[in-house]
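Chemist: Residue numbers (the working numbering), protein chains in the order written: chain Y, 1 to 401; chain P, 1 to 401; chain U, 1 to 401; chain B, 1 to 401.
Careful, some of the hints might be misleading.
It does not matter which identical chain is meant; a pair holds if it fits inside one copy or across any two.
As the list claims (entries may be wrong) - Computed cross-link-like contacts, DSS-like style, restricted to lysine-lysine with a CA-CA straight-line distance of at most 27 Å: (1) K239 <-> K104; (2) K223 <-> K104; (3) K45 <-> K328; (4) K217 <-> K52; (5) K295 <-> K378; (6) K371 <-> K283; (7) K104 <-> K226; (8) K242 <-> K104; (9) K239 <-> K344; (10) K104 <-> K158; (11) K283 <-> K378; (12) K235 <-> K104; (13) K242 <-> K340; (14) K235 <-> K340; (15) K239 <-> K340; (16) K283 <-> K340; (17) K242 <-> K344.
Source of the hints: derived by calculation from the structure; they are not laboratory data.
Please read these numbers as outputs of a predicted model, since none were measured by experiment.
4 protein chains.
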Amino acid sequence: MDYFYGPGRNHLFVPGPVNIPESVLRAMNRNNEDYRSPAVPAMTKTLLEDVKKIFKTTSGTPFIIPTTGTGAWESALTNTLSPGDRTVSFMIGQFSLLWIDQQKRLGFNVDVVESDWGQGANLDILASKLAEDTAHTIKAVCIVHNETATGVTNNLAKVRKILDDYRHPALFLVDGVSSICALDFRMDEWGVDVALTGSQKALSLPTGMGIVCASPKALEASKTAKSFRVFFDWKDYLKFYKLGTFWPYTPSIQLLYGLREALDLLFAEGLDNVIARHARLGKATRLAVEAWGLKNCTQKEEWFSDTVTAVLVPPYIDSAEIVRRGWKRYNLSLGLGLNKVAGKVFRIGHLGNLNELQLLGCLAGVEMILKDVGYPVKLGSGVAAACAYLQNSTPLIASRI
Amino acid sequence: MDYFYGPGRNHLFVPGPVNIPESVLRAMNRNNEDYRSPAVPAMTKTLLEDVKKIFKTTSGTPFIIPTTGTGAWESALTNTLSPGDRTVSFMIGQFSLLWIDQQKRLGFNVDVVESDWGQGANLDILASKLAEDTAHTIKAVCIVHNETATGVTNNLAKVRKILDDYRHPALFLVDGVSSICALDFRMDEWGVDVALTGSQKALSLPTGMGIVCASPKALEASKTAKSFRVFFDWKDYLKFYKLGTFWPYTPSIQLLYGLREALDLLFAEGLDNVIARHARLGKATRLAVEAWGLKNCTQKEEWFSDTVTAVLVPPYIDSAEIVRRGWKRYNLSLGLGLNKVAGKVFRIGHLGNLNELQLLGCLAGVEMILKDVGYPVKLGSGVAAACAYLQNSTPLIASRI
Amino acid sequence: MDYFYGPGRNHLFVPGPVNIPESVLRAMNRNNEDYRSPAVPAMTKTLLEDVKKIFKTTSGTPFIIPTTGTGAWESALTNTLSPGDRTVSFMIGQFSLLWIDQQKRLGFNVDVVESDWGQGANLDILASKLAEDTAHTIKAVCIVHNETATGVTNNLAKVRKILDDYRHPALFLVDGVSSICALDFRMDEWGVDVALTGSQKALSLPTGMGIVCASPKALEASKTAKSFRVFFDWKDYLKFYKLGTFWPYTPSIQLLYGLREALDLLFAEGLDNVIARHARLGKATRLAVEAWGLKNCTQKEEWFSDTVTAVLVPPYIDSAEIVRRGWKRYNLSLGLGLNKVAGKVFRIGHLGNLNELQLLGCLAGVEMILKDVGYPVKLGSGVAAACAYLQNSTPLIASRI
Amino acid sequence: MDYFYGPGRNHLFVPGPVNIPESVLRAMNRNNEDYRSPAVPAMTKTLLEDVKKIFKTTSGTPFIIPTTGTGAWESALTNTLSPGDRTVSFMIGQFSLLWIDQQKRLGFNVDVVESDWGQGANLDILASKLAEDTAHTIKAVCIVHNETATGVTNNLAKVRKILDDYRHPALFLVDGVSSICALDFRMDEWGVDVALTGSQKALSLPTGMGIVCASPKALEASKTAKSFRVFFDWKDYLKFYKLGTFWPYTPSIQLLYGLREALDLLFAEGLDNVIARHARLGKATRLAVEAWGLKNCTQKEEWFSDTVTAVLVPPYIDSAEIVRRGWKRYNLSLGLGLNKVAGKVFRIGHLGNLNELQLLGCLAGVEMILKDVGYPVKLGSGVAAACAYLQNSTPLIASRI
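Isolated chain Y, as found in the complex (with noise of 0.2 Å):
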């Protein structure tokens, strides 16, 4: 029995850990192995061909790293780059904070470009700074595609189009950690230098795996990078790949064969059909929240996240009481306002292996939670709207036509 079991299944909708598909905790549900036997190599060669394309990449180099987000974001860095670096990093929330923060202890000159939380990276100012910087002074341009906490996409291509605009050979490094398998992402096309993912987001895994893929020239700048790194060093992946064992250290057996399984789940769906599931209920939650007289936290459309949105509450409500009483009473699990937006926002992810009846289900319970904390909401019009919509967009499940 679980610590504070309540009835019925546990409704997580928090932006991750997300929910596990049952087949692919089938598949990690095994005995360790010897990750030196020809099994486990084979398997891993598998792995890293596939994972390259839920980064839409043919020329990338991924590393599984057995870390979290916070260790990805490390190797991103120290592998590309040397302390005294030069870095333009956008602060847009919680997560850009942190990712800016692991940059100034990392001793990187951070350029930071703020904004207001809830509105997207400001790349006006990215365009004048480049503009400026004939130098080459700027080695990194460091952002974050999903800002997890206020439900903030920036957009990336036009990132890529400054860039080019103004011919810099800045590296472009992007934290893709709630946004890849479930938002458009195209690392080729849009020449991301670095981009990284953990597996407990919309891969739909336990948290234990950071995934990292780097560009030919992110490659390249690894040679020269001076930061310190041992762990994290990409190098010692690059060897054990040229020896076909892959592993510089012990890999967990069963996340290999958890992403295995989350893999062959993403691709039978269809990559292009899971990133339109995700903008549909994202469009559906954000149909919910308007139902209710609501705001959302991220203040224009063009910024609106598919995978999590925060949701601001009136002055006279605080919103950490809205997720404490989502546990308590109706075993739901909504995430936290953190940081400058704590108490002013909840937020639902929406992300991951999930479909519009778990989503209706979450939208049900808030407005329930909304009236039991004294807003008045009118029950049913949250989930009015996103039915409205969803019974118009919802496809049949591809496998049972």
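Position chains P, U and B relative to chain Y; hints supplied.
Modeler: Here is chains P, U and B on its own, set in the frame of chain Y:
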């Protein structure tokens, strides 16, 4: 990967087999064991003691039989009756029909009391039959507590009262397949002689165990009952109970551990709280049906079932299309209409380890399907009605206060 | 944690239930499903086709029944015979005894052919009975292929030959519980009319499925057989086979997926390779027994079983103490001596998904236990004998060459 | 089905990752959870308290880090030392070599004390270095407790004594990856400043947690240590410890529950009994090696490891062929010889949740493989020697007495 894979959870709302809690799946995730080692009898002893609690009996003797509900029926009948015996049985839906069919095939003289499908057992006719039967030719009154096909719950206390009014010695045999652990059931208080359920119903386990409980009077009857029986013979169980090894033939080790956990979950929540939860979900479902402007197949409130609701659809809609559509578009599993009500009703099972938001997700799905198939439902209306009730009645989760 | 926890793996060497492969456990680690959705019939269809292969039949009709071996017996008998029918049955150990007991309780006129426990069925007596029976009063010859209590395998080809020699039309009913999928079994070639097994034996699944296969002649007999049967009635299955929905009552979803994987494993290894592996492990076990200076309960080589070895202990040792000691000291589960051979034999089951080193660990354990209980065994002697044979006969694993 | 399927259990005898007990697999078979709900901190609190017991410390501060052993090394070093710091490190095999390599890459001034592979750390040289170092330029003594590549256990009590003898303030950093929970380890008594292990070793979990424990002195050192660190920085953990939420970034929910169960199993058996079991299995293995006429790579008894035995093969045999053969023919996974001893040794891991008969199965397998590859072993000899010892020394299982 599954046959006909679809993203997200399957929403399982057939009235059995029902959703299995994750902790029960965990408990069953194990290798076989020698069932003659000391461990299995030690655990079995606790199971036999504890299943008596779900029947609310202290004097009864339980049998945990590796079979389904159909086998449990056969166990109840063949151990207590002899070919040619007269039984009174109520035909009110597909499952009572099947039990009556079994009674006939086993050679009993079945006195069938028929009602419209959607009505409860006609207890006035029972009264008149017992009144006439001064010779006590009626050997057993057989009744399905909750007819799963029509969502009708019979009044067992009243059956007992009628038997007592006429001081009739007939055995009182109850199919509690879709009631026990979910509806109020009191074996001792109501003088039930044999009650039975199946593991895949309110116990929320896989199929594979028929659980039968016999009163002292039923055990006494088994000494003279002449129906052929071997596999289902209680005598073999009783012999092994005395030996302390408990099992006349190999039990499923996995189901035993699953049952242990399922009982622990029931007791942790509190059996009466579990019953109250089912009452809450049942009422919420009926309010939604009403809001949709549809009729309950169950004709009077006194028979409303808190474990399954059979919903009548207008004549221009094929209810089977609703079920098909749910599976094909929303990964939702609803119950078909069976036999006389095929095409006319679809069924929402709301039994087992289930909570409010799961049900609300299902109700939202049903609304969309109704619209899909051309019924002019107001989207959100059923969810609104259910939420209005649930928001007022759902308690905090006991362990989380 | 388990009841009576001990470190390391339990060494499960009872002749059933046997070790479940990890991939089968994985396949079964899943929620319930609606068995009326298209997925379950689609899978069931493949199962029914594929179980025919393990019986080596193309003309037989299989039934996968939610029951145990005891229920499978009852299914075989009640569907083909009528009360009063004469059967010839061979009593050679506890399981044949129990089957004969069932036959009597079902009202047949059982002509019992007894042998010493440790001998095979006396087929000479069968021959003389058939010779005398020109009136064809014998309706069925019932034989246990492999008597699990004594480790005796009967010669089914010879039974068929005798039946043919006398052109006797009696049905040929075979208990293959501890043989099918492990010993050579040829339903069509040997003209077996009903064969049956249980999931927890060589199929290496949990208990819960009795698998019965009926020849066309047996199906024909079922049309006139008068034994009472409802739960076990093939007619209900055949009706649902025609409908294409396959299940007259709720199957265990988990066991269906488990069976699918178990069959896949059998076919991946190759059924004939599986049988050869059992032959190898059986012989290795017997060589060890011989090296210990102990006697096989099975009196002649022609009857040696490749799935279980019953080992006779000297009169001054209680074989039950060996079993107890194995469990208490070495986490080893051996089979007790049953009934007539209680205290005199212990049994080593070597069936199911098992390999050489597992068996050798068990044999080493038995040696230590023998010493523990005062038998002057030379430690290592049995393992040495088994290794000498296995080292010469074990092939490379096919998939790893 | 697995890659390269073979029948029966895989016999996993590499010195990590090791066999996972079934109850630990069960505990981990679960969906993700919100790690910010009250449940995860409540459980984490018990974990942090209980892991201290496996280090035998009351004053230490544990860190459970989502990483591997390599990452745990980096955590130990970077939190306590600064670039340029002088460390004394012992190179005695592949893992001490790798740790030294890491120390160099992190910028320390590593004073390497080399021994032959097969010998323990040369503590006389340590003594002389400390004696000379009156200026206390040595900032840390780094030692691998148990060198997994050669099966050598170092004497940590003696290291402490030498440090004390010279009143040297150097930090005492210990890699306990293949020792803690299996060999006698006493953090407080031996004045160890940082000790670490990995989840996939004696804890018998999947890979994915590096568990590091810091003495008050090490914590103090971390305040001034200048090595770059972010992901591995203890400061972030300490901050969240104070907040009572414990996790600076997302932990693996599954591993937390797995660790809870693993610790429960350790305490149920008793940590000292676990250590005694390892001593027993280690000695049994060495007796077998001796009986085969082979040499232990470990040159003196004082260094014999109870968790892994590296076996030297005659020059005409390639030890890698032994490992290959085990996998291809007997589904046995042995450890390869690494680096300097590649081709010369194969390794038998005997750590983690393992019992006597599992080991004996492995030893029997090794005998057959030795014969397979042309070594004139007497089959059964090693098993006989091991059995002779184990039959005298194995206690009854505590819970089963």
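Chemist: For every hint, state whether the structure bears it out.
Modeler: Hint-by-hint comparison with the structure:
| no. | hint | verdict |
| --- | --- | --- |
| 1 | K239 <-> K104 | between (30 Å within a copy, 18 Å between copies) |
| 2 | K223 <-> K104 | both (22 Å within a copy, 18 Å between copies) |
| 3 | K45 <-> K328 | between (45 Å within a copy, 21 Å between copies) |
| 4 | K217 <-> K52 | within (16 Å within a copy, 45 Å between copies) |
| 5 | K295 <-> K378 | both (15 Å within a copy, 25 Å between copies) |
| 6 | K371 <-> K283 | both (23 Å within a copy, 20 Å between copies) |
| 7 | K104 <-> K226 | both (15 Å within a copy, 14 Å between copies) |
| 8 | K242 <-> K104 | between (34 Å within a copy, 24 Å between copies) |
| 9 | K239 <-> K344 | between (48 Å within a copy, 24 Å between copies) |
| 10 | K104 <-> K158 | within (26 Å within a copy, 42 Å between copies) |
| 11 | K283 <-> K378 | both (20 Å within a copy, 20 Å between copies) |
| 12 | K235 <-> K104 | both (24 Å within a copy, 15 Å between copies) |
| 13 | K242 <-> K340 | between (47 Å within a copy, 20 Å between copies) |
| 14 | K235 <-> K340 | between (39 Å within a copy, 22 Å between copies) |
| 15 | K239 <-> K340 | between (44 Å within a copy, 18 Å between copies) |
| 16 | K283 <-> K340 | within (25 Å within a copy, 42 Å between copies) |
| 17 | K242 <-> K344 | between (51 Å within a copy, 24 Å between copies) |
Hint check: no violations occur; every hint is consistent with the structure.
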